[in-house]
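Asker: Count the sequence shown with our numbering and you get residues 172 to 375, in order.
Keep in mind that the hints were calculated from the coordinates and are not lab data.
Yeah, the Cβ is synthetic: ideal placement off N, Cα and C, and Gly gets one too.
It cannot be assumed that every hint is accurate.
[Said to hold, decoys possible] Distance condition first, Cα-Cα at most 20 Å in a straight line; then the derived EDC-like pairs of lysine to aspartate or glutamate: (1) Lys333 - Asp219; (2) Lys316 - Asp257; (3) Lys244 - Glu223; (4) Lys333 - Asp277; (5) Lys316 - Asp236.
[As the list claims (entries may be wrong)] What follows is a set of in silico ranges between Cβ atoms, one per label pair, in the way DEER data are often shown: (6) Ile299 - Phe342: 32 to 42 Å; (7) Asp247 - Asp219: 33 to 43 Å; (8) Ile255 - Gly335: 34 to 44 Å; (9) Ala205 - Tyr297: 33 to 43 Å; (10) Phe342 - Phe280: 16 to 26 Å; (11) Trp363 - Gly335: 39 to 49 Å; (12) Ile299 - Asp247: 38 to 48 Å.
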Amino acid sequence: MPRRALWSSGDVVTHPEPSFPALISQIPNILTLARIAATPVMILLLRDRAYESALLLFIVAGVTDGLDGYIAKRFDFVSRLGAILDPIADKMLIVSAYVMLAVLGDIPFWLFLLVGFRDVMIVGGYLILETLEGDVQMQPSIVSKVNTFLQIALVIAVLLDKTGWMPVGMFLGFLVAAVTVTTVLSGAHYVWYWGIREESRRAR
172 MPRRALWSSG DVVTHPEPSF PALISQIPNI LTLARIAATP VMILLLRDRA
222 YESALLLFIV AGVTDGLDGY IAKRFDFVSR LGAILDPIAD KMLIVSAYVM
272 LAVLGDIPFW LFLLVGFRDV MIVGGYLILE TLEGDVQMQP SIVSKVNTFL
322 QIALVIAVLL DKTGWMPVGM FLGFLVAAVT VTTVLSGAHY VWYWGIREES
372 RRAR
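Hey, can you work out the whole structure from these sequences and the hints?
Answerer: And the structure:
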């Protein structure tokens, strides 16, 4: 394996160079970091009401989300870091879009507060469980997956409507209602799940 030399006090200290396969295995994490980096760009685009560019960026970010997950599972590149960063990247992008759309008056402000409260509650609950139990594996429920899909669909629908590329204003009310219901249900599910975990922990 190639090695690089570092000079320290006259002595040569060598460290192995990262192998090519090792660098390839970081592709999912690189894509995830790219989504995190896209968050401030999304905020600036929406601030300037550049809806077309914001829509394209949001779609590209969604594609990279699916791509990094596929690559990680297909080639067994799943890592602890990726498991932590991936949901954070998703939440950062979605919540930033909701913040700006709410500020611009494109979605109800109370909906942003509801979605934001749920996400903060979930992250807080996860951190508490991680502190108490360590290495907690939380699989999203079906209702949580549906909620995430609907949250994304609402952002895309609003941006499509604002760009004029596709008049979907008639569906926005339905999507707002669907996001509201599934947000409440998924939040309630996590509270129930944490209650079960806490009872199990105390019973040990």
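Asker: Hints numbered earlier in the text: which of these fail when held up against the supplied structure?
Answerer: Result: hints 3, 9 and 12 break, sorted rising.
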